[in-house]
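**Q** My request is simple: use the sequences and hints to build the entire structure.
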Amino acid sequence: MIKTESITTAVLDTAHVGDIHGALGSIASDDIAPRATFPARLKTLMAIVGPGLIVMVGDNDAGAFGTYTQAGQNYGTTLLWTLMLLIPVLYVNQEMVVRLGAVTGVGHARLIFARFGRFWGAFSVIDLLLLNALTIVTEFIGITLALSYLGLSQFWGVLASAAIIMIAVSTGNFRRFERFGIVLVAGSLLLVPVILLVHPPVGQIAADFLVPKMPENAKLSEVMLLIVAIVGTTVAPWQLFFQQSYIVDKRITPRFIRYERMDLCIGIVLVVVGAVAMISFCAQIFAGRPEFGAYTDALGTAVGLEKYAGRLPAVLFALALLDACIIGAAAVSLATAYAIGDVFAVKHSLHRKPWDAKGFYAVYCGLIVLAAVLVLTPGTPLGLLTNAVQTLAGVLLPSATVFLLLLCNDRHILGPWVNSARLNLFTGAVVAALVMLSVILTASVLFPDLGEGWIIGILVGGSLLALAVTAAVKLYALSSPRADSLRFRPRAPRFARDSWRMPPLAELPPARLSPLSRIWMIVLRGYLVVAAGLVLLRIFQLATVGA
1 MIKTESITTA VLDTAHVGDI HGALGSIASD DIAPRATFPA RLKTLMAIVG PGLIVMVGDN
61 DAGAFGTYTQ AGQNYGTTLL WTLMLLIPVL YVNQEMVVRL GAVTGVGHAR LIFARFGRFW
121 GAFSVIDLLL LNALTIVTEF IGITLALSYL GLSQFWGVLA SAAIIMIAVS TGNFRRFERF
181 GIVLVAGSLL LVPVILLVHP PVGQIAADFL VPKMPENAKL SEVMLLIVAI VGTTVAPWQL
241 FFQQSYIVDK RITPRFIRYE RMDLCIGIVL VVVGAVAMIS FCAQIFAGRP EFGAYTDALG
301 TAVGLEKYAG RLPAVLFALA LLDACIIGAA AVSLATAYAI GDVFAVKHSL HRKPWDAKGF
361 YAVYCGLIVL AAVLVLTPGT PLGLLTNAVQ TLAGVLLPSA TVFLLLLCND RHILGPWVNS
421 ARLNLFTGAV VAALVMLSVI LTASVLFPDL GEGWIIGILV GGSLLALAVT AAVKLYALSS
481 PRADSLRFRP RAPRFARDSW RMPPLAELPP ARLSPLSRIW MIVLRGYLVV AAGLVLLRIF
541 QLATVGA
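This note's numbering puts the first residue of the sequence shown at 1, with every later residue one more than the last.
The set of hints was computed from the structure by calculation and includes no laboratory data. Be aware that a few hints might be false.
Below 16 angstroms or equal to it, Euclidean Cα-Cα: the simulated EDC-like pairs (lysine to aspartate or glutamate) are [said to hold, decoys possible]:
no.	residue 1	residue 2
1	Lys43	Asp31
2	Lys307	Glu291
3	Lys43	Asp19
Remember, predicted model here, so these are calculated numbers, not experimental data.
**A** Structure representation (structure tokens):
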């Protein structure tokens, strides 16, 4: 039975309102009792847990397996510190979409349409659809690698995997899908016994995780590109769209944000544990071996594990890869289906049966079928598709983070839940760093011979330019008559925050961007036009030469 709220909100699908039915518990929509005891809080957390776990573990997908194992095989544990630095970035980015989802009741793509216009809305959805479709192809490439090592038929294995992914979503029961997702999250822990069986030195792992350093006698350009790849595979645009829409679909409201933050923290712990495990056991088994510094793919990692550590660790790694690709494909497909449903205001909820949300399920299943067919079709340039995913993700990452930051400073959207001044300062620095890393990644793929001098120049020059422009615009903004409207205001009391929801989108006044925001939007648009054009040109060149 679908219930309605007495408060008028922006929720687009009535299935997004009602009782919370999570994998591990339920909360009635009229349950407003205070959680004063530990058992009550634990019971609430069990009902809320899910979105953070699935989005984080889903990000440790085929691309992540390839990136982390490459880091360990080529450079040992020396790049573990990148994961430590990414922990606050992961939390800040995903915590912002937690607030957006719970407070607005609307998906990420719909908010971009409503606040930044049709150009940016269409841009975000079209590019998300393209990038996610290619990402799902890489998930099925990972599935074929796992099946190949396990000695199973790739044809029937891919078909079975596609069927499982589609059936798990198409039951019309949100709780049933979330339980499927939680099982896959548990499957990601198969990497833990692998590292225990290989037993790399714990002291060295801890030191390299906490103390940044660069690999000795390594080419700076190659190391930087791998660092950028680690950032790109850990902070992906689809995560923002997925978690916000999934929180809306799960019916999580502002009063449960603190529990969803805990769910997110648990997910981050799991994703970091998996990443550390892959880098560490690869560093251990390949150190001093002929394969060190000569990474091939995840299949080569499994073969190396069997050769130097035994059959059991290799089988566990292959099963973990298969598990990761399935949850990754499901999450990325859902992110796209949610976005399409949000933009066109059609029914888009896992609470609905397939015949009650035909468009939503058609987009989801269509992406899975397309990816499976492409992977099984002889002659498909799988290497080119993987390269395109990495490049497009690098191009889109800055726009995703900029939109996220602007939305979280829009008081008409988040009211008392807007970002604090300190959070804006940190997030602004993160956005600037991601933009520079994106430029490096895009340039390196387009121009493979990019030298170390160019990379250092981009980092230093970009940092100085960002600081100069930000300082100049801030001084102008604070000295203008509009300064009072741009300054930070204290947040409302807790009781008001827990009950505040965004009104319907049609009732919101037009978005007002600060001078700094307008400048960065212009810069972002120019960068995206140039970068996207160069990427398409490069992909065309590679395709025409048979890459």
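**Q** Hinted pair, alpha-carbon criterion (16 angstroms max): lysine 43, aspartate 19. Please report holds or violated.
**A** 15 angstroms, holds
**Q** Check the hint pairing lysine 43 with aspartate 31 against an upper bound of 16 angstroms on the C-alpha distance.
**A** 13 angstroms, holds
**Q** Quick one, are lysine 307 and glutamate 291 close enough, alpha carbons at most 16 angstroms?
**A** Holds, at about 11 angstroms.
Violation of the numbered hints given earlier is absent; every hint is satisfied by the structure.
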